[in-house]
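Got chain A sorted already, so can you dock chains B and C onto it with the hints?
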Amino acid sequence: MLSQLPLLPVLLPLLGAPACALLRRPLAAWVFSCAVSVLALAAAIALLAATWQQGVLSYALGGWAAPWGIEYRIDLLNALVLLLVSAMGAAVLLGARASVWREIPEHKRTLFFVAYLLCLAGLLGIAATGDAFNLFVFLEISSLATYALVATGRDRRALVAAYNYLVMGTIGATFILIGIGFVYMLTGTLNMADLAQRLPAVGQSRTAFAAYAFIVVGVCLKLALFPLHLWLPGAYTRAPSIVTVFLAATATKVALYVLIRFSFTVFQVEYSILALPLETVFVVLGVVAVFAGSLVAVFEPDLKRGLAYSSVAQVGYMVIGVGLGTVAGLQASLIHLFNHAIMKGTLFMALAAVVLRLGGSTYAQMQGVGRSMPITTACLLLGGLSLIGVPGTAGFISKWYLVTAAADREQWLLVLLILAGSLLTAVYIWRLVETAYLAPRQSPASIAPRALEAPAGLLAVLVVLALANIYFGLDTRLPVQTAGGAANGLLAAVLP
Amino acid sequence: MLCLLVATAIALIAVRGLLASIMLTSVYGLLSASFFVTMDAVDVAFTEAAVGAGVSPLLLLLTVAIVGRREAASNARRLVVPLLLVTVTGALLIIGTLDMPSFGSPDAPAQTHVAPRYLQQSGDEIGIPNVVTSVLASYRAYDTLGEVLVIFTAGVAVLLALAPAGQGGSARAEPPAPEHLAPHTILQVVSKLLIPFMLLFAFYVQFHGEYGPGGGFQAGVIFASGIILYGLLYGLPTVCRVIPPPVVEVLAAVGALIYGLTGVLSLLAGKNFLDYSALAADPVTGQHIGIIAIELGVGIAVAAVIITIYYAFAGRLHTRED
Amino acid sequence: MDVFSYFNYWVVVVLMMLGFFIVIARGNLVKKLIGLNIFQTSVFILYISAGKVMGGAAPILADGVELYSNPLPHVLILTAIVVGIATTSVGLALVVRIHAAYGTVEEADILEQDATC
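Heads up: the sequence lines are chains A, B and C, in that order. Be aware that the first sequence starts at 192, since it is given in the working numbering, and climbs by one per residue. Be aware that the second sequence starts at 618, since it is given in the working numbering, and climbs by one per residue. Be aware that the third sequence starts at 12, since it is given in the working numbering, and climbs by one per residue.
Check the hints yourself; a few may be wrong.
[Stated by the list, open to error] Selected chain A positions facing chain B (Cβ under 10 Å, derived; list incomplete):
#1 S194
#2 V654
#3 V655
[Said to hold, decoys possible] Distance windows between CB atoms, simulated:
#4 B:R633 x C:L78: 42 to 48 Å
#5 A:L193 x B:Y828: 36 to 42 Å
#6 C:D120 x A:L614: 53 to 59 Å
#7 B:L621 x C:D120: 31 to 37 Å
By construction, these hints were calculated from the structure, which means they are not laboratory data. Ideal Cβ positions, reconstructed from N, Cα and C, are used throughout, including at glycine.
So that you can see chain A by itself, here it is in the shape it has in the complex (with noise of 0.2 Å):
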């Protein structure tokens, strides 16, 4: 069964999907995703350890031997963001039983769990491919159900926000089609490895370098890079409380692994950082997601919708990294991108919790939450020190290897911007604070009677999550070892 490692996280959840919608009772087709998820897991740990042991692992499907075929390829790289997105997804499908039960309508439940499934088995089979087309493929799977599942929301916006982020995916995703298709005009290849190898004959033709922005731009629109990240405030805020927590710990990531794979092992270096301005794009662009994002989530009323702002920001961070262009940069985009997917799941789960209990997360909903869900208001304060950067979480290491980083192309300015957007988070996680533990309760008539703690489920989940924010500002290996095994991975052949 070893040597069918490669293939496991994917097929697991896209085989679960159908299977799952055959069952009827919707707690047999949570428990049943539960296991599917967790075992997917449990192939993702394997696959990493696999890959640090044996480097790249290559599968061919169906047998036919890439480039006729379509191959999975899995390096450092995929393996990390395969363990991530399968974390993540099993982690939030584990705690999700209460607020599910709460938010979707019984006859939908059975449904939303196959369409979990299949967004999590997209997101992985983009993760793992090694072929452009594939890799499109599994796009649309994944986006497809993520539009269902934000659909779900209870308020009538849902709608509305998944509508806007159908049109503005589709649109995503024919332009990376588009890309893919001068790409296969000018080389005749889809495999990834192949179109790295006879790329550079061509790559300085302007077909390449179209190819190349259509692929950024769609890509960038299902990053949600700022200006194209009007979808995602409307769909992080308006879905169901489970779908926000587990889009933001996991499509983001997977964009920006996209991002990066085209821009460093496709197209090389020829289109991507030093041939174009591309680096300063990135930076720019950056750092306005960074301070745009953080400046709306200060003044959001909804702490959800603030969150998601934050996201839009935090994506800000991790293009920074990729616009410096060294293996410093990458590694601290990576290592971002492992730790915010850690902070956000902690957060907007703690979010999820909160909207059980007390219906809504406004910061009016939630004065005095301190007090009425201690434990909870904890782990929400935990991942929101971890977002600033506080020393001893996740978010402080994350923060330091990109100041290092930039430091190390010597751009001061650049490491002042940085910390200047950490303050600004602090601004927001300190409303937070006050919100929940000084204010007094104002109208106790408006929490639920006696709103208590979270369900033991979701709280173990949330905790856990909490916890690894601290563990990961502490023992750094998984993420810094293999975030930075990963980045040499891709410059490898790029840089002298």
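For chains B and C alone, coordinates are given in the frame of chain A:
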């Protein structure tokens, strides 16, 4: 041909009112299908005709029947940004075409790398004449599995959006049989003769895909069209009695699983996923068995999902009319 | 000759942009999806054009035929057509729900309703 396409697209911008737009979309689908024939893409033409001029206008019509056909005048001020975006994108595309291999050249990289193997060796490796089917169902079978999962996802998504409460997730609607269909007697009689042939044709397309254009997807669409035609003329309740929605939903999942489990069989035989040579002692026979099995899965899944989607939309229409 | 060899591609670019324009300029949610449809179909035409070999035959093996058009773009576009119809149907399902919730499918009216509540 291309100029006709441009004319249609321009007309689509000019026209206001959704019914006319849908008719033009349908024309666009048919024209592009004809264009695909001139480009030697017969399989694609078949599919585009069935989807672009068939299923997609049908779903649009059902939607318009529910939401109304009026389209508000657009705000002139809102045109500046779109025009700018379109110009920039178009310019970038034109720049992109400048260094492309010229149209129709047999020396273009796309024609000399990867593809020649399919043309030269699929005859020996897979043993069927339709190279498109060989690539689709074997060399790139995993993409096609993804495609089945995409359509399955669409079915799940439509059900999630439109399923009425209290029906166990099914898009069932059972109002009394509508009387207003009586004037369509001629259509009903004609279609009663026609539908069996459509279904028969679907089976032909299903199993002929290895030799000529066709295959599971096209067969599924045709089969579903037959059922939908029946539904349009005899009313949703009648067709729901013949083919109950829960059964169709189960079939959609079963179709996807047939495909997936064919791949798992190869896994269990110690070969890679979807490596059909594991399915029989002789690799080429194995390929045959594998392709027939997965095409069957595709056909079932596609037909079932399209019928499910139709039920979901038509169910909405019914509840609105009551 | 050079210009003529790109003529096909340029027409395709025009088609794509017409579709793209409908998506972003129109406020009617159904019409937007129609535009998306046109946009995607035009990309299919680009791919299929890229697979054409002058003087080639449809890629169904037959005795005595030496030159075939490229089957790979055909396979890709078969998949892409399915993706397109899947997206359209999900989009339309959302439109139906939006109509039930707002009573309109015009973007401007929806924004107005959301702004007032």
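A quick look at each hint next to the structure:
1. For S194 (chain A), the interface hint holds, since its Cβ comes within 10 Å of a Cβ in chain B; the closest pair sits about 8 Å apart.
2. The restraint placing V654 (chain A) at the interface with chain B is violated, with a minimum CB-CB distance near 31 Å, outside the 10 Å limit.
3. Taking 10 Å as the C-beta contact cut-off toward chain B, the hint placing V655 (chain A) at the interface is violated, the least distance being around 29 Å.
4. Hint check: R633 (chain B) to L78 (chain C), Cβ distance near 47 Å, so the stated range 42 to 48 Å holds.
5. For the hinted restraint 36 to 42 Å between L193 (chain A) and Y828 (chain B), the CB-CB distance of approximately 40 Å keeps it satisfied.
6. Distance hint check: the CB atoms of D120 (chain C) and L614 (chain A) are about 41 Å apart, inconsistent with the given range 53 to 59 Å.
7. The supplied range of 31 to 37 Å is met by L621 (chain B) and D120 (chain C), whose beta-carbon atoms lie about 35 Å from each other.
The structure shown violates the earlier hints numbered 2, 3, 6.
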